[in-house]
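Undergrad: Residues in the first sequence are numbered consecutively from 1, following UniProt numbering.
Honestly, the hints are just simulated from the structure, not real lab data.
Glycine residues also receive a C-beta, built at the ideal position from the N, C-alpha and C atoms.
One thing to keep in mind: the hints can contain errors.
As the list claims (entries may be wrong) - Okay, derived cross-link-like pairs now, PhoX-like style, lysine-lysine, Cα gap no bigger than 25 Å in a straight line:
#, residue 1, residue 2
1, K349, K384
2, K445, K455
3, K455, K423
4, K606, K624
5, K455, K498
6, K559, K445
7, K539, K423
8, K578, K606
Stated by the list, open to error - Quick list of simulated restraints, FRET-style, between CB atoms:
#, residue 1, residue 2, range
9, S541, Y287, 40 to 50 Å
10, N430, E392, 39 to 49 Å
11, H557, D625, 28 to 38 Å
12, P584, A524, 16 to 26 Å
13, G358, K186, 23 to 33 Å
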Amino acid sequence: MAACSVSPLRAPSSSTKPKRNSPKNPELRPIETIKTDLLFNFNTPFELKQAHSLVIKSNKHHSVLPLSRVASVCALTPSFDYAQSVFEHVDKSEIVIWNSCIRSFAEGDSPVNAIHLFYRIRCADIRPDSFTCSFVLKACSAARDVSNGRIVHGLVEKLGYGSDLFLQNTIVHMYACCDAMDDARKLFDEMPERDVVTWNIMITQLTKRGDIGKAQELFDVMPERSVRSWTAMIAGYVQCGEAKKAIELFTMMEEAGERANEVTVVAVLAACADLGALNLGRRVHEYSDRCGFRRNVRVCNTLIDMYIKCGCLEVARMVFDEMEERTVVSWSAMIGGFAMHGQGEEALKLFSKMSRIGIRPNEITFIGLLHACSHMGLVEEGRKFFASMASEYGIAPRIEHYGCMVDLLSRSGLLQEAYELIKNMPIKVNGVVWGALLGGCWVHKNVELAEEAFKHLLVLDPNNDGYYVVLSNIYADAGRWDDAARVRKLMRDIGVKKTPGWSSVTVGCVVHEFVAGDGSHPHAEEIYQSWEKLLEKLKLSGYVPNTSVVLLDIDEHQKENVLFRHSEKLAVVFGLMKTPPQTPIRIMKNLRVCEDCHAALKLISKISDREIVVRDRNRFHCFKDGFCSCRDYW
DNA sequence: ATAGGGTTAG
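Start from the sequences, fold in the hints, and give me the full structure.
TA: This is how it looks when you write it as structure tokens:
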């Protein structure tokens, strides 16, 4: 294959034609072996010839499948002209066989082979047709090989296929995939004629690059839209974290009379998962049932994820149990879901079941498992899983896994061991890892190590307000008020702003949002009055406001007022007011629940006989009868 | 035989 090494795609002189070599590895294998391999399992020219003779004997030499297998092997061995001699007696034209072969390489694991084969075809002076070009361009996209892509582009023009719309689309796609967006855009702008696919390619590629604005511009002006155009935009908005816009667009799509397909459903469900939009999620679930989309594994996986992130673990489990086939993604989603909901035992049980039936875990499965161990304080179990990643499954732990381990160790009070783990990590430490140690230092009151962790955080992630808040809390807990104040001053000096906390609660089909201290809500007056009444009952049940979580230099009374306006309190009061008794209240919050709200919510669940499900930044808290599913360990 | 969306974690 090194015969013509100048440019793989230029037509060669005859001297560069590969020679017909004798087999390098003529190991003799009994013919029966080849038979049982169904003629397709050969890799040396010698085996190839044996297989060929079998193809002829079995009278299959007219079918493309064994022939393109023969051709594929030739592409990787020095038997190219032998393959050609095979094709001489076939009723299909030779280029058709090569095309099918290039295509299967282009769509397989090693698209580079498609490019190698194309080069051999050019070397043999065989004229590519437009299909050949489209397949090899597809391979260039997959291999992100823009230089060969450019050469094929030139060749397309030279061979007179330049005005073929199919090929133009493929070329635009190729440039975009190879990160040559300017070339793609230029070509797109210059195209005399475009079809809906052309527009869709541009839109999809722009959204993949996070350029949702430009994608929207094109979407707005395109002459006609297909389901795929809508889907690309919806998926694009989900990808860049704008789930609300995604759902708006989905509504518009329905109004335009377009019917969602499996891919649309996946994107919309992902948006519901992000927003905790259970009602829409349920509607899409029913729609998927009616359309038979539940046969699709990805639809089910996304459904599971949606229910998990909307706090409906049981429904997620039902969808999981009803699936016809499950992939590692299904198992990982479910394991991670149990971990997120504080049901570590279930997560581990599911993992054993998964292993028993022979599904190999991937790196994401382990993130769920380590989370589960962390939430249950299962240090030994976690250590074992962590070690088994490399030793049993050949998966190198990534930074996220180290983060989980540091979290597990430091939450369990093994702060020194966690610190050692960080110091001996074979990969670069990030803020999340130090942040996990800092969190452990808060729980276990270790000021010195907290200072050490914070030192690194100040370098790695100085704009993250959470770390200042935690360190300040640690000082406050230790009675070191001056130091706590110093941290707050440092925060001001650097210009780090505290992320405003918000919570949302769903009432009927409407999501109501509350920001901490919210006086602007239309029902603010009503909510505050309700809170005062609730507060009396809370105090009778033993609630004592924990003002230490308020890090402002104000007096106790003012601190209480700040505390009582925390967004999750406003949201739960509103939920109690506006939803029927006994129904669960579902709340979402952008930050972690503070200690005081956590204590209050436990009591509220008891006093008002309600299940309160709170989706935190990290996990779920399910408050019921005065207890929380996190067992106060979060 | 030809081009364009999608799942788990962070």
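Undergrad: Now look at each hint and say whether the structure bears it out.
TA: Consistency of the hints with the structure:
no.	hint	in the structure
1	K349 <-> K384	15 Å, holds
2	K445 <-> K455	17 Å, holds
3	K455 <-> K423	14 Å, holds
4	K606 <-> K624	7 Å, holds
5	K455 <-> K498	19 Å, holds
6	K559 <-> K445	23 Å, holds
7	K539 <-> K423	46 Å, violated
8	K578 <-> K606	18 Å, holds
9	S541 <-> Y287: 40 to 50 Å	44 Å, holds
10	N430 <-> E392: 39 to 49 Å	26 Å, violated
11	H557 <-> D625: 28 to 38 Å	32 Å, holds
12	P584 <-> A524: 16 to 26 Å	24 Å, holds
13	G358 <-> K186: 23 to 33 Å	50 Å, violated
Hint compliance for this structure: hints 7, 10 and 13 are not met, and every other hint is.
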